[in-house]
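Residue numbers (this note's numbering), protein chains in the order written: chain A, 18 to 367; chain B, 18 to 367.
Think of the hints as simulated: they come from the structure by calculation, not from any bench. From a predicted model like this one, the values you see are computed outputs, not experimental measurements. Be aware that one or more of the hints could be misleading.
[To be verified] Covered stretches of chain A, going by a simulated chain B footprint (3 or more residues, C-beta under 8 Å):
1) 70 to 83
2) 108 to 121
3) 172 to 181
4) 194 to 202
5) 209 to 218
[As the list claims (entries may be wrong)] Some, not all, of what chain A presents toward chain B, calculated at C-beta under 10 Å:
6) I205
7) F229
8) R267
Using N, Cα and C, we set each Cβ at its ideal position, and we do this for glycine too.
Below, each chain spelled out in residue letters.
Protein chains: 2
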Amino acid sequence: MSNVIINRAETSKIESVDFENLTFGNTFTDHMLVCDFRNGQWEQPVIQPYAPFLIDPSAKIFHYGQAIFEGMKAYKDEHDDVWLFRPDQNYDRFNKSAVRLAMPEIPEEVFIDGLKQLIQIEKEWVKKGNGNSLYIRPFMIAIGSGVIAAPSTQYRFMIILSPAKSYYSGEVKVIIAEHFSRAANGGIGAAKAAGNYSAQFYPTKLANEAGFQQIIWTDDATHTKLEEAGTMNVFFRINDTLYTAPTSERILDGVTRKSLIELAARENIKVEERSVLVAELVEAAENGTLKEIFGAGTAAVVNPIVGFSFQDKYHELPKIENSFALELKSKLTGIQRKELEDTFGWTVKV
Amino acid sequence: MSNVIINRAETSKIESVDFENLTFGNTFTDHMLVCDFRNGQWEQPVIQPYAPFLIDPSAKIFHYGQAIFEGMKAYKDEHDDVWLFRPDQNYDRFNKSAVRLAMPEIPEEVFIDGLKQLIQIEKEWVKKGNGNSLYIRPFMIAIGSGVIAAPSTQYRFMIILSPAKSYYSGEVKVIIAEHFSRAANGGIGAAKAAGNYSAQFYPTKLANEAGFQQIIWTDDATHTKLEEAGTMNVFFRINDTLYTAPTSERILDGVTRKSLIELAARENIKVEERSVLVAELVEAAENGTLKEIFGAGTAAVVNPIVGFSFQDKYHELPKIENSFALELKSKLTGIQRKELEDTFGWTVKV
Chain A
18 MSNVIINRAE TSKIESVDFE NLTFGNTFTD HMLVCDFRNG QWEQPVIQPY
68 APFLIDPSAK IFHYGQAIFE GMKAYKDEHD DVWLFRPDQN YDRFNKSAVR
118 LAMPEIPEEV FIDGLKQLIQ IEKEWVKKGN GNSLYIRPFM IAIGSGVIAA
168 PSTQYRFMII LSPAKSYYSG EVKVIIAEHF SRAANGGIGA AKAAGNYSAQ
218 FYPTKLANEA GFQQIIWTDD ATHTKLEEAG TMNVFFRIND TLYTAPTSER
268 ILDGVTRKSL IELAARENIK VEERSVLVAE LVEAAENGTL KEIFGAGTAA
318 VVNPIVGFSF QDKYHELPKI ENSFALELKS KLTGIQRKEL EDTFGWTVKV
Chain B
18 MSNVIINRAE TSKIESVDFE NLTFGNTFTD HMLVCDFRNG QWEQPVIQPY
68 APFLIDPSAK IFHYGQAIFE GMKAYKDEHD DVWLFRPDQN YDRFNKSAVR
118 LAMPEIPEEV FIDGLKQLIQ IEKEWVKKGN GNSLYIRPFM IAIGSGVIAA
168 PSTQYRFMII LSPAKSYYSG EVKVIIAEHF SRAANGGIGA AKAAGNYSAQ
218 FYPTKLANEA GFQQIIWTDD ATHTKLEEAG TMNVFFRIND TLYTAPTSER
268 ILDGVTRKSL IELAARENIK VEERSVLVAE LVEAAENGTL KEIFGAGTAA
318 VVNPIVGFSF QDKYHELPKI ENSFALELKS KLTGIQRKEL EDTFGWTVKV
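Isolated chain A, as found in the complex:
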């Protein structure tokens, strides 16, 4: 950590921020971390005032999409200590994404220690209380210039921070993808790559226009297997068992997903990691054994889904008393906020 250069902002904009009325991902803190890769090595990381930066029009990011990111959150407990949730998992996944996109891996002291140092400086931006968090966005882009389709030799790693309220997206109805797909076999679906998201926007826009908030993605070859919900992993509860697709080249190895699986096991909720077929889901909806569907991801943690459409038929889910989604969300956020005991050792003090 000692090798981080710190250039502090002269003034803070924190007083101008209305923390009660934050739109997700639109407000950023006073500082950011920047670390460039040049001549085959990572240069010294710098914490500096958050600001636009200069980039060449021919930078590879603009033409060939070499860009990866992570999403994480920090929480402040009642003792004013700030906690990260499983940052090692995000760090590992970031470097896996880097390899798949032919980008250099980032050292742990830049990603983890640099992040901790940045959050120390921005500690006032992490607010206590239910629903409050600091959303963390580490990302890496190709900044080398030249319009030839080959990996860049220059990269920029950055961490930016955005204060967040709890993420509530209203009632979520989903439509099952019968034509569009988010990932190919042998593709980059398992990487947290920028290009994966741009592919989803148009199908999602069509879904929105049809009255659905999100898409449940299916495998691109047959459209028979349920894979992800929007930008989240997805869980299905049939009777009292939770099902979620196994991770693969097409499916993101979500930190919330894997934490929910471990948490469910501790709570004696049965979880099976296996492909769920669209036909199974429809059958379960029709015979009344489908109890819940929910998305799992860092931003929303757990996002209950109220119904799904397939082949123009809408299946509304029942209202239930003992929701696994709400129970698991409550337990997981309790651990994240240090209100419940962390028997897993997932939380890391900044």
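Position chain B against the provided structure of chain A, taking the given hints into account.
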């Protein structure tokens, strides 16, 4: 065209450029065209000195990969007139890519008329003579800020220009993809989207390390159908018939590809647009009926392939006298350079 604002560079860097020793895509002309989309509409386009620009760290391009581009070329004939090749095709495809990436379509007067005006200003950068051209890179990126996975509301369209020598990549040996893929069914493979390219870099790096210059991509579901070669469309000559995969959601509707198909028809070379199976290719190589393989794209025009590897077996192609690849390349570049009659009406004067 009258509505383009022109801010001329004070000096030109053209005298410092060694036009005999250009690396593809690394040298840019004095000016670029910039046109921003804000508040639901395209603003006035500006031709201004080529230079880096400021962009926010949270710009959507960096996080969600909304970026598309085109590749085109301009040629100067012996009368010092400058010609574009089928710019309408690139314009149409650009807007198709825009729709698929949930980006706004660009008006023709910005893309086509703006490009012509930019090239007029940079006319000295287009050199006469065999192998010389001006490579044109129109592109659009999402510049709106905010780290929430949704389409941007602000975009920047730009055109940058790079003088080029003929593109020679040496002997090209390829390996047939048995695991990795470039596109999903229902994905963005048919769009000229930045994200498609970043997905190819790592598999291509592995191919390079194994001694191959490019990959022939297969369909991601079965890896049995031959689809593209590297970043180009691909043609196979078995006996005296050319085969190329039909365009689809997974395959780029290449301008060089479609021009070669029309040109071959005029030259009485039989072309079939149908899926070629890997098994067919191996059989044709083994029984001696496979005569040629070549890639087709704007940068190289036609790129002959000398052999391919599949399941660790390398198949060398025969040396032949009457190469369709070389004949078609010679005819097509002759039309592009105005050395041969353009019976198709493909060339457009700037």
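For each hint, the structure was consulted:
1. 70 to 83: With 12 residues closer than 8 Å to chain B, the region 70 to 83 of chain A meets the three-residue bar; holds.
2. 108 to 121: holds (count 4)
3. 172 to 181: This one holds; 3 residues, not fewer than the three required, reach chain B with a Cβ under 8 Å.
4. 194 to 202: With 8 residues in contact (Cβ-Cβ under 8 Å with chain B), the coverage given for the region 194 to 202 of chain A holds.
5. 209 to 218: holds (count 9)
6. I205: Where the cut-off is 10 Å and the nearest Cβ of chain B is about 5 Å from I205 (chain A), the hint holds.
7. F229: 15 Å, violated
8. R267: Holds. Min distance 8 Å.
In this structure, the one hint that does not hold is number 7.
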